[in-house]
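Residue numbers (the numbering used here), protein chains in the order written: chain F, 1 to 427; chain D, 1 to 250.
Keep in mind that the hints were calculated from the coordinates and are not lab data. We treat Cβ as the ideally placed atom computed from N, Cα and C, and that holds for glycine. Certain hints may be false.
[To be verified] List of simulated lysine-lysine pairs, DSS-like, C-alpha gap at most 30 Å:
hint : chain 1 : residue 1 : chain 2 : residue 2
1    : D       : Lys57     : F       : Lys423
2    : F       : Lys62     : F       : Lys183
3    : D       : Lys181    : F       : Lys337
[What the hints assert, rightly or not] Stretches of chain D that chain F covers, calculated by requiring three or more beta carbons in the stretch to come under 8 Å of a beta carbon on chain F:
hint : segment
4    : 25–34
5    : 77–91
6    : 188–200
7    : 212–224
[Stated by the list, open to error] Residues of chain F clear of chain D, computed beta-carbon distances all greater than 10 Å:
hint : residue
8    : Ser8
9    : Tyr10
10   : Asp19
11   : Leu260
12   : Arg261
13   : Gln283
14   : Thr312
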Amino acid sequence: MLYKLWMSVYKEFLLLKRDMGGVITLFLMPLVLIITVTLIQDSSYKKGNESKIPILLVDYDKGNVSKTIFDNLQKSKVFSVVTAIDNVPLTETVAKEAVFKGKYQMAVIIPSHLSADLQEKIDQNVQKIVSSLGFADSSAVKPKAKLVNQKEVRLYFDPAVELSFKAGVMNGIDKMISQIETKSIYTAFQEQLGEEDSKFEQKSFITFKEIVPKINNKDITPNSVQHNVPAWTLFAIFFIVIPLSINMVKEKSQGTFVRLRTNPVPNAVVLGGKTVMYLIICQFQFYMMVVVAVFLFPRLGLPALNVEGNLTLMSIVALFSGLAAIGFGILIGTIAKTQEQSAPFGATSVIILAAVGGVWVPVFAMPKIMQVIAQSSPMNWGLEAFYDVLLRNGTFWDLVPELFLLVAFFVVTTTLALLYDKKKRAV
Amino acid sequence: MKSIIQISNLSKIYKDAEMYSLDNFSLDIKEGQIFGLLGPNGAGKTTLISILCGLIKPTSGSFTIDNLVYDKNTNDIQKIIGVVPQEYALYPTLTARENLEYFGSMYGLKGNNLKEKVIDSLDFLGLLKFADKRIETFSGGMKRRVNLIAGILHNPKILFLDEPTVGVDVHSKNVIIGYLKELNKSGTTIIYTSHHLSEAQDFCTDIAIVDHGKIYAEGTPKDLIGATANARNLEDVFISLTGKELRDAV
Numbered sequence: 001m002l003y004k005l006w007m008s009v010y011k012e013f014l015l016l017k018r019d020m021g022g023v024i025t026l027f028l029m030p031l032v033l034i035i036t037v038t039l040i041q042d043s044s045y046k047k048g049n050e051s052k053i054p055i056l057l058v059d060y061d062k063g064n065v066s067k068t069i070f071d072n073l074q075k076s077k078v079f080s081v082v083t084a085i086d087n088v089p090l091t092e093t094v095a096k097e098a099v100f101k102g103k104y105q106m107a108v109i110i111p112s113h114l115s116a117d118l119q120e121k122i123d124q125n126v127q128k129i130v131s132s133l134g135f136a137d138s139s140a141v142k143p144k145a146k147l148v149n150q151k152e153v154r155l156y157f158d159p160a161v162e163l164s165f166k167a168g169v170m171n172g173i174d175k176m177i178s179q180i181e182t183k184s185i186y187t188a189f190q191e192q193l194g195e196e197d198s199k200f201e202q203k204s205f206i207t208f209k210e211i212v213p214k215i216n217n218k219d220i221t222p223n224s225v226q227h228n229v230p231a232w233t234l235f236a237i238f239f240i241v242i243p244l245s246i247n248m249v250k251e252k253s254q255g256t257f258v259r260l261r262t263n264p265v266p267n268a269v270v271l272g273g274k275t276v277m278y279l280i281i282c283q284f285q286f287y288m289m290v291v292v293a294v295f296l297f298p299r300l301g302l303p304a305l306n307v308e309g310n311l312t313l314m315s316i317v318a319l320f321s322g323l324a325a326i327g328f329g330i331l332i333g334t335i336a337k338t339q340e341q342s343a344p345f346g347a348t349s350v351i352i353l354a355a356v357g358g359v360w361v362p363v364f365a366m367p368k369i370m371q372v373i374a375q376s377s378p379m380n381w382g383l384e385a386f387y388d389v390l391l392r393n394g395t396f397w398d399l400v401p402e403l404f405l406l407v408a409f410f411v412v413t414t415t416l417a418l419l420y421d422k423k424k425r426a427v
Numbered sequence: 001m002k003s004i005i006q007i008s009n010l011s012k013i014y015k016d017a018e019m020y021s022l023d024n025f026s027l028d029i030k031e032g033q034i035f036g037l038l039g040p041n042g043a044g045k046t047t048l049i050s051i052l053c054g055l056i057k058p059t060s061g062s063f064t065i066d067n068l069v070y071d072k073n074t075n076d077i078q079k080i081i082g083v084v085p086q087e088y089a090l091y092p093t094l095t096a097r098e099n100l101e102y103f104g105s106m107y108g109l110k111g112n113n114l115k116e117k118v119i120d121s122l123d124f125l126g127l128l129k130f131a132d133k134r135i136e137t138f139s140g141g142m143k144r145r146v147n148l149i150a151g152i153l154h155n156p157k158i159l160f161l162d163e164p165t166v167g168v169d170v171h172s173k174n175v176i177i178g179y180l181k182e183l184n185k186s187g188t189t190i191i192y193t194s195h196h197l198s199e200a201q202d203f204c205t206d207i208a209i210v211d212h213g214k215i216y217a218e219g220t221p222k223d224l225i226g227a228t229a230n231a232r233n234l235e236d237v238f239i240s241l242t243g244k245e246l247r248d249a250v
């Protein structure tokens, strides 16, 4: 039986060898994918981003507040502030039109007298508090309080801008304004209390520090490479579903499948030959991606993938993920009657499994129901196992649950394929 | 002569079908015969061969092949039968040699024995010089010959042939029929289906005319022609038994 298995593996090798275009696509496209996606997503993880997003700032205030907003935005590593187009200072109408036409992603409109009115409002409030505490000068003639209306900083967003980006920016600006308000309140108190010399400590009392796991005493700081390489490697591995299912459908249409069914060889051996060959391809894909991530990425200005001490465990995860992908491909190839059925179904289902599995959007950011569904995606199991190795300093035993699920998926899908074939023949 | 295939009351009705494809079908095929199964489209010939080869299961009834019971000895039966399907059933991007070595290996042939059998068969059927060419570059007749070799490399005791000469030129047809006769002389029992009635008349030692899943007549070509009034050949017998109406079905 081993000889028949070996010959089946060799046959699959020859079939692939004769389709060099297909093989090159199988290896090249995942590499192109991983390089492209990592370069694009790198900016989300990088602290020093070179490609800043230009935003429009219309300053009707010309005061301290608008200057602080301008300075903070300009200092940020995300935005570059634009206050004039073609040397013509911006107005709200021009900015609004430019944003709504998609030329810029957002515009911030700072209303007139914002700084003065903010100061006025704060002064009034502080004065009230100080008076109520009995610190006010009773002989001083109280000026009549000026009526200060609420001010509105208007934001315009390109409708194509993602909601998460929008929320992030709004949150940032809100924080910036709160800081300005706080600073102004402190200053007003100082002035009212006549204590210009002993300044209030205006620095935040509460600070944040992210404690990250360590490997070999080195911090594991998540970067685009550590997230993207496992995610897109899995995606590429699962795309093996398409050539594998097409291979099986072709065997049916060529009649070779029927011939094999009349030969004294179990279907499991024929499928075993495919499994071994495609598993070898999956491993090759994985190692090529690792080579690219370790050696090519630094030349492209990306961080290198740190595989130090991780390669064996990563290889095991890739192997088990490959098994799961092959089982799925075998099931599709068994059920599909034509390539028109297997190819689109295979491609779409892999994309769905990737989306559900957290390749694009992290599982924790998904709605509750999707988080539950995500647990059933083999790509999620593979991804979690890769993250265990690369980011959580996991050992082999930490991977066992995910590896078990991946093998179980292979066993279930292959058994279903064998049962389906048997049932079809009993019709 | 010793019976090599014994079929008893075999019936097959496909899911959602209104009629039986095989209806209480019984047949006894003797060792060394070239047995022709002739019938119009939808008569049940392919269903019968598919059941005998283990591709599909019967609804009821039983059969033995070389005294092996079908559902208990499937693997043993598959070792002694050879199947030549109507479609080419070869990998187009592999060469003739690669295809044959692969299918031969599935019968457990290996090493020099396998290589020599492949070379001898290709040589006998005039294909040796094309051994290392891809099947996709072959003509219909060449593919048909490779298709035949793939079914007989392991010297089967029983060979099932489904339309082995369909779509080939006269030269290829003669080579194929000549080869099959040689094979039969060496002891292989042949079960053959065809729509070429004149070919069947010359080639087969025994014939069963099948229609609606039943045997309408059985005997040697000569006996069948003799038993039918005004019949000059097998075609007259066939028309007389199965009628002239078209058998198109979807």
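These are the hints, each one checked on the structure:
1. Lys57(D) with Lys423(F): With a Cα-Cα distance of about 10 Å, the restraint between Lys57(D) and Lys423(F) holds, given a limit of 30 Å.
2. Lys62(F) with Lys183(F): Satisfied, since the Cα-Cα distance of roughly 18 Å is no more than 30 Å.
3. Lys181(D) with Lys337(F): Outside the cut-off at roughly 37 Å; violated.
4. 25–34: violated (count 0)
5. 77–91: Answer holds; 10 residues pass the 8 Å Cβ test.
6. 188–200: Since three or more residues must qualify, the claim that chain F covers the segment 188–200 of chain D is violated, with 0 doing so at under 8 Å.
7. 212–224: Coverage by chain F is violated for the segment 212–224 of chain D (0 residues, Cβ < 8 Å).
8. Ser8: 8 Å, violated
9. Tyr10: 8 Å, violated
10. Asp19: Given a closest Cβ separation of 7 Å, the condition is violated.
11. Leu260: 7 Å, violated
12. Arg261: 6 Å, violated
13. Gln283: Since the minimum Cβ distance to chain D is about 24 Å, Gln283(F) lies beyond 10 Å and the statement holds.
14. Thr312: 35 Å, holds
Hint compliance for this structure: hints 3, 4, 6, 7, 8, 9, 10, 11 and 12 are not met, and every other hint is.
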